[in-house]
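Asks: Spelled out from the first residue to the last, the chains are:
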Amino acid sequence: MRNLQFDEVVVERGSESSPIYRNLRQTLAHLPFTIVDHIGPDQGTNSPVDRFGAAKRTLYLARHKGEFLKKCPGSEGQVCCNYFVINFASNCPMDCSYCYLQEYLADNSALKVFSNVDDLIAETDRTLARHRGVFFRIGTGEITDSLALEPYTGMVRELIPYFAEQANVLLELKTKSDCVETLLDLDSKGRVVVGWSMNPQRVIDLDEHDTASLSERLNAARLCQDAGYRLGFHFDPMIEYPGWESDYESMIEQTFATIDWHKLAWLSLGVLRQTPGLKRIMRERYPRSGLLTAEQVLCPDGKLRYFQPLRIEMYRKMARWIRRVAPTVKIYLCMESRQVWEQVFGFAPSCEKDLGNQMAPEIQQTIHA
Amino acid sequence: MAESAIRDYANSKGFHRQTLDRWLGWQPSDQDALQEIAVGLKVSENHLRDLMDWLEEIALRDDSNISAILKRPAIDSIKTDPRLGRADKLKRIKEQLRRWRFPRLAAIEESIRVKVQALKLPAEIHLSVPPGLEGGRVHVSFSAGSQGEFAKLIYRLSDAASSGITAEIFESLSGGAPEKEPNQN
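Residue numbers (our numbering), protein chains in the order written: chain S, 720 to 1088; chain P, 115 to 299.
Chain S on its own, in the form it takes in the complex (with noise of 0.2 angstroms):
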C-alpha cells in the first residue's frame, strides 16, 4: 500500500496537548501545520471539482464534541447483528468508488482524527461499566478505515491497552489496509478483533483505490494472528461481473490458505449496495465504473442491492467455498433481510440479540458465568 499523501496538518486549537497531535508531529514533521480556533463542518469541502476527493489531502485535528460509542444504525427492516460503533476519525484517506460516505460524508468531508482520546475511553468505560453483564461488539471503521491513519497518529494504539483489560468486549478494527506494524508488539488479550474488508485484486484495482492490494492484506491478517489478535473478514461489498466466480473462490481459497480459520471471530458476506443518491455521486465521480451496471433493484430500505434470486446465488456460492476450506467457520449475512437469511442458510436468526450472542461465545460464557 502506499503512502497516503496529505499536503497540510490544520489542528484545532487545544487538540495540541494529544498524544495523537504528538505523534502527527513525528510521523509528519515535513509537511506544514496550521493551528486554528475552530473547525466546522464544512472545512476541507471549498475545492471547486470534485470536493470529496480534494477534502482527504487536508489532514485535521479536533476535539469531537458528541458522543464517541453508538448503536450501529443497521438498515431498516434488515437483520441487525447488534454492533456498537466508535468514531475516532471522520472520513477516509483511501477513495472506493462504492464508499458510502461519498453521500453520507458530502456535506462534512473533512478528513478528521479526533484528539480528545481521554473523553472517549471515559465515555466507554462509563458504558461498559454500567452495563457488565453485556457483551458489546464494537467497531470503528463506521465513517474512517480504522487502520489507515495508524501509522501517523497512533490512535489505535493509545486504545488497545485499554479494551485488552475489558471482560466485556469485543474491539473491531476494520480495515482495507495493511497498517499493522504498530499494533504487533501489544497484547490485546484476546479482545480485539482486526477485520479486514476483503475483494478480489481485480476488484480492488478497478474500485478500492488506494487500498492494500489482496497480498498485502493477507499478509498483514498474518502478522496480526501471529502476534495474537482474533481475525474478522467481511466478504462486503461482493461485485457481481462476468468471472467473478473464480476470482471469490480464488481469493477463499488464497485467504484460508495464509489464515489459520480456527482463530477467526467472524466472518461476513454482503453484497454491493446504495442508494440512489450514492448512485448519483457514483457516476460523477467514477463514471466509467462498471458498478453502475450492476443489476440492482430498489429495496425497501432504500437501498439499491443486485435482485434478490441473484445475490441469494452469490451468498450460497461463497457460503459453499468457505465451508469447504472452513467448516464451521461463523458466517453473518450483512444489512440482509430475514427471506434472504432463510433462503441461504436455511434459518433466520430470532433477533438481533441473537446474531449478537452468536459472535465471540466463548467470551458471552465468561461474562455470564
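Simulated from the structure, these hints should not be mistaken for laboratory data. There could be a bad hint or two in this list.
Pairs of lysine to aspartate or glutamate, EDC-like flavour, derived with a Cα cap of 20 angstroms [stated by the list, open to error]:
#	chain 1	residue 1	chain 2	residue 2
1	S	K1049	P	D167
2	S	K998	P	E170
3	S	K998	P	E223
4	S	K998	P	E159
5	P	K208	S	E1014
6	P	K127	P	D176
7	S	K1036	P	E285
8	S	K1036	S	E1014
9	S	K998	P	E285
Label pairs and their in silico Cβ distance ranges [what the hints assert, rightly or not]:
#	chain 1	residue 1	chain 2	residue 2	range
10	S	R1007	P	K193	27 to 35 angstroms
11	P	Q132	S	P751	36 to 44 angstroms
12	P	S118	S	L788	52 to 60 angstroms
Which residues of chain P face chain S? A few of them, derived with a C-beta cut under 7 angstroms, are [unchecked claim]:
#	residue
13	S118
14	A119
15	R121
16	E248
17	V252
Backbone N, C-alpha and C fix where the C-beta goes; we use that ideal spot for every residue, glycine too.
Using the hints, position chain P against chain S.
Replies: Relative to the frame of chain S, chain P by itself:
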C-alpha cells in the same frame, strides 16, 4: 438538432437544472437521439431520468453509444408503430430498455410470467410476484361472488399449490434450491 431545442423542451417541462446539464453533457448525436423520443412522446422528467439512467448504463456496459441503442430495430419498430399512442410507445420503449438494462432479471420475470399463465388460473385469481422480485414472495388475491364460487376457487388454488409449475416459480424467486447449513442452527 440544436442545443437550444433541448433547452426549450426542458424549460417548457420545468426540468431541473441537473437533468438538463446531464443531457447536454452527452455527445451531440446522443442528445439528438433522446430528444427525438422526448419531444415526440412528450416525456416527463421522471421518465426521462429513467431513460437516461438506463441508456447511459447500457452504453457503458456494452461499450456502445446511446444513439446506436436508440437506433436498434426494436426501438425503431415501437417508435413507428401507427397502432400505438404516445403513452403506449413510451411504455413499450421503457419496457424494452429495461429488458436490455436488466437482462437476467427480465428473463426471470418473463419465465415466471409464462409459468403463471401455464397454471391456467381462472380470471378471478390473480397471482403476482413483487417488483424486481424483491422479497421473494408470491402474492395471491382472488374474489368470489358466492360460497360455491369461493369453494371452486379454493379448489383451483389448492390444485395450483401442488403443481410442479408453482414449485418452479418459487425456485426462480429464491435463486434455486437452498443449500444445507448445518453448523449455525
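Asks: What are the numbers of the hints that this structure violates, sorted from low to high?
Replies: Numbers 1, 3, 6, 9, 13, 14, 15 and 17, in rising order.
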